[in-house]
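Chain order of the listed sequences is B and S. Heads up: the first sequence runs through residues 0 to 419, numbered per numbering that gives the first Met the number 0. Heads up: the second sequence runs through residues 0 to 99, numbered per numbering that gives the first Met the number 0.
Quick caveat, the hints were computed from the structure, so don't treat them as lab data. Owing to the predicted nature of the structure, the values given are computational and were not obtained by experimental measurement. It cannot be assumed that every hint is accurate.
Said to hold, decoys possible - Derived list of chain B stretches under chain S, where covered just means 3 residues or more per stretch with a C-beta under 8 Å from a C-beta of chain S:
#1 140-148
#2 242-255
What the hints assert, rightly or not - Example chain B residues on the side facing chain S (calculated, C-beta under 8 Å, incomplete):
#3 G27
#4 S135
#5 W136
#6 H360
Claimed, not checked - Sample of chain S residues lacking proximity to chain B, with all beta carbon distances greater than 12 Å (derived):
#7 A30
#8 E34
#9 A41
#10 E59
#11 R71
#12 T80
#13 Y89
#14 S95
Beta carbons: idealized from backbone N, C-alpha and C, even for Gly.
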Amino acid sequence: MSASGIAPHRGTPPVVTGIGVVAPTGIGARRHWESVLAGKSGLGRITRFDPTGYPVRVAGEVPGFDAVREVPGRLVPQTDRFTHFALAAAEAALGDSGVDPASLPEYEMAVVTASSSGGTEFGQHEMERLYRNGPSWVGAYQSIAWFYAATTGQVSIRHGMRGPCGVLCCEQAGGLDALGQARRLLRTGSRLVLTGGTDASLCPYGLVAQLASGGLSTVDDPARAYLPFDASASGFVPGEGGAFLTVESAASARERGAHRYGEILGYAAGFDPAPRTGRPPVLAAVIRRALADARIGAPEVGVVFADASGVPEQDLAEARAISEVFGAGAVPVTAPKALTGRLYAGGAALDAVTALLSLGHGVVPHTAGPGRPAPGCEIDLVLDRPRQTGPRTALVLARGYGGFTSALLLGAADTPLTPH
Amino acid sequence: MADPTSPNPVTLSTTSAFTLDDLRRILRAGAGVDEQIDLSGAIAGVPFAELGYDSLALLELTGRIEREYAIRIPDGELEHTRTPAEAVTYVNSQLSQEGI
Numbered sequence: 000m001s002a003s004g005i006a007p008h009r010g011t012p013p014v015v016t017g018i019g020v021v022a023p024t025g026i027g028a029r030r031h032w033e034s035v036l037a038g039k040s041g042l043g044r045i046t047r048f049d050p051t052g053y054p055v056r057v058a059g060e061v062p063g064f065d066a067v068r069e070v071p072g073r074l075v076p077q078t079d080r081f082t083h084f085a086l087a088a089a090e091a092a093l094g095d096s097g098v099d100p101a102s103l104p105e106y107e108m109a110v111v112t113a114s115s116s117g118g119t120e121f122g123q124h125e126m127e128r129l130y131r132n133g134p135s136w137v138g139a140y141q142s143i144a145w146f147y148a149a150t151t152g153q154v155s156i157r158h159g160m161r162g163p164c165g166v167l168c169c170e171q172a173g174g175l176d177a178l179g180q181a182r183r184l185l186r187t188g189s190r191l192v193l194t195g196g197t198d199a200s201l202c203p204y205g206l207v208a209q210l211a212s213g214g215l216s217t218v219d220d221p222a223r224a225y226l227p228f229d230a231s232a233s234g235f236v237p238g239e240g241g242a243f244l245t246v247e248s249a250a251s252a253r254e255r256g257a258h259r260y261g262e263i264l265g266y267a268a269g270f271d272p273a274p275r276t277g278r279p280p281v282l283a284a285v286i287r288r289a290l291a292d293a294r295i296g297a298p299e300v301g302v303v304f305a306d307a308s309g310v311p312e313q314d315l316a317e318a319r320a321i322s323e324v325f326g327a328g329a330v331p332v333t334a335p336k337a338l339t340g341r342l343y344a345g346g347a348a349l350d351a352v353t354a355l356l357s358l359g360h361g362v363v364p365h366t367a368g369p370g371r372p373a374p375g376c377e378i379d380l381v382l383d384r385p386r387q388t389g390p391r392t393a394l395v396l397a398r399g400y401g402g403f404t405s406a407l408l409l410g411a412a413d414t415p416l417t418p419h
Numbered sequence: 000m001a002d003p004t005s006p007n008p009v010t011l012s013t014t015s016a017f018t019l020d021d022l023r024r025i026l027r028a029g030a031g032v033d034e035q036i037d038l039s040g041a042i043a044g045v046p047f048a049e050l051g052y053d054s055l056a057l058l059e060l061t062g063r064i065e066r067e068y069a070i071r072i073p074d075g076e077l078e079h080t081r082t083p084a085e086a087v088t089y090v091n092s093q094l095s096q097e098g099i
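Turn these sequences into a full structure, and let the hints steer you where they fit.
Quick look at the structure:
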């Protein structure tokens with residue numbers, strides 16, 4: 000076993016054959032990518048509830064999501080908004096891949112999702128009924144709508160995927176860990192994994208729970224509230240939404256003649272030491288392990304999609320880790336999540352999709368917003384406009400509250416990299 | 000599917016305190032309706048399972064009827080009805096027992 004817990008395996012990397020996006024940058028991968036290239040922000044004053052009186056009033060909301068149109072009728076009242084997003088994104092990712100699940104063995108298809116908050120809004124609504132009216136007013140669907148695995152179960156049932164299903168609860172790193180788990184399953188008998196993450200915690204209960212982290216920005220101007228790596232960084236803006244990916248074994252994709260967005264080349268995860276131990280964060284070590292797992296060298300990485308916390312000391316720690324592994328300013332770094340806010344379990348899944356689109360189009364999207372680098376952040380942050388550099392390998396980083404740290408290496412389609 | 004000419008709980012229920020339309024309304028609000036199901040059609044004799052409603056849907060139905068009609072439905076009793084017609088008949092029997 001490697002330190003990542005995944006048995007070394009030198010087979011052909013799994014491939015991504017479908018993507019689906021529900022994000023503040025738009026519904027659908029195409030709209031999301033257009034927003035990213037245009038630097039079109041999805042941040043604004045919260046409209047899902049009246050944020051007056053809360054210290055955080057700016058968020059990234061998914062525009063124009065109509066659950067009645069996007070979600071099977073019975074599942075609208077039975078599931079939370081985070082599951083609504085997931086059902087829509089999963090269906091898009093599956094449709095995009097061209098897979099007809101009915102034509103494949105049901106036990107060889109798995110569903111792995113990431114969840115950070117669970118069905119917060121649904122849960123808040125039922126709790127209100129509990130304390131206002133009493134226990135008999137709590138709906139039966141609270142039992143299945145609130146918990147982290149709700150989405151995995153509903154997606155699995157909807158598409159008849161009965162392979163090994165699960166949910167990763169690793170706060171904002173979960174989106175990458177789900178892809179890592181998908182790869183593990185593809186090595187142990189699954190041929191297809193529908194994977195990704197969504198969160199939808201923009202309700203009073205969800206927001207108040209997030210406030211406890213101390214990382215949220217209280218700046219009221221949507222254009223200034225989330226400026227990762229900037230001298231004016233003030234924390235991050237919460238967002239809702241996420242992304243799904245259809246990931247297949249190379250053999251399965253080849254057999255179907257499927258379009259490929261790219262390959263999963265490497266993955267590693269770690270956990271930061273407890274506070275006040277004096278030991279350094281694990282990010283640099285995790286990046287090195289992901290590179291070793293992919294058997295590529297740092298110079299082969301064409302772009303880093305940063306975790307980009309927006310909390311100054313975390314930005315500094317990330318910049319230092321990137322510089323430590325790659326050299327100061329040696330690799331383009333970007334954070335399109337500045338346009339969406341941090342989507343919790345959906346954030347890293349969306350970053351993985353954005354990274355695949357970046358590889359597919361040969362473009363490094365820019366980070367819209369920041370302009371003046373924070374002291375000590377010696378990274379080549381791509382600002383102002385996209386760069387046409389033709390990256391062939393992307394590193395996606397994600398960190399979650401408490402110390403979750405993950406790194407994923409994605410490769411452009413149809414270009415085998417030279418083993419290091 | 001239901002035979003619209005079969006014994007008519009529908010006619011019976013429309014003259015009762017709790018009708019098939021009440022059941023439809025509460026199912027729609029509580030458990031939703033799948034696109035391929037026509038809940039406004041002849042559903043009286045169609046098993047709940049064929050309409051896409053499982054035991055959880057019937058538990059939700061139970062809670063909503065209890066609250067709206069201020070009656071007690073003992074655990075499991077409504078969940079054990081198989082069709083909308085049986086459920087309507089059962090609810091009406093509970094309502095008459097409660098003297099409504």
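### Task
Closer than 8 Å between Cβ atoms is the bar; does S135/B clear it against chain S? Give me holds or violated.
At about 6 Å, which falls below the 8 Å cut-off, the nearest Cβ of chain S leaves the hint on S135/B intact, so it holds.
### Query
Can we trust that A41/S is non-interface, i.e. its beta-carbon lies farther than 12 Å from all of chain B?
holds (19 Å)
### Query
Has the segment 140-148 of chain B got at least three residues whose CB is nearer than 8 Å to a CB belonging to chain S?
Held - the segment 140-148 of chain B has 3 residues with a Cβ nearer than 8 Å to chain S, which meets the minimum of three.
#### Entry: Least C-beta distance from E59/S to chain B larger than 12 Å
violated (4 Å)
### Restraint outcome when W136/B is required to lie within 8 Å of chain S by C-beta distance
OK, holds: W136/B within 8 Å of chain S, min 6 Å.
### 12 Å Cβ clearance of R71/S from chain B
Violated, since 10 Å does not exceed 12 Å.
### Message
Does G27/B hold up as a contact with chain S if the rule is Cβ-Cβ below 8 Å?
### Response
It is violated, given that the least Cβ distance between G27/B and chain S is near 21 Å, above 8 Å.
### Outside-interface status for S95/S - nearest CB in chain B farther than 12 Å
holds (22 Å)
### Query
the segment 242-255 of chain B covered by chain S? Criterion: 3 or more residues, Cβ-Cβ distance below 8 Å.
The restraint on the segment 242-255 of chain B is violated, since only 0 of its residues have a Cβ under 8 Å from chain S and three are required.
#### Entry: Given as non-interface: Y89/S, which should sit over 12 Å from chain B by C-beta
holds (18 Å)
### Query
Checking the smallest CB distance to chain B, is E34/S really beyond 12 Å?
violated (6 Å)
### Query
Do the numbers back the hint for H360/B, that is, is its least Cβ distance to chain S under 8 Å?
violated (36 Å)
Checked against the numbered hints above, the structure violates hints 2, 3, 6, 7, 8, 10 and 11; every other hint is satisfied.
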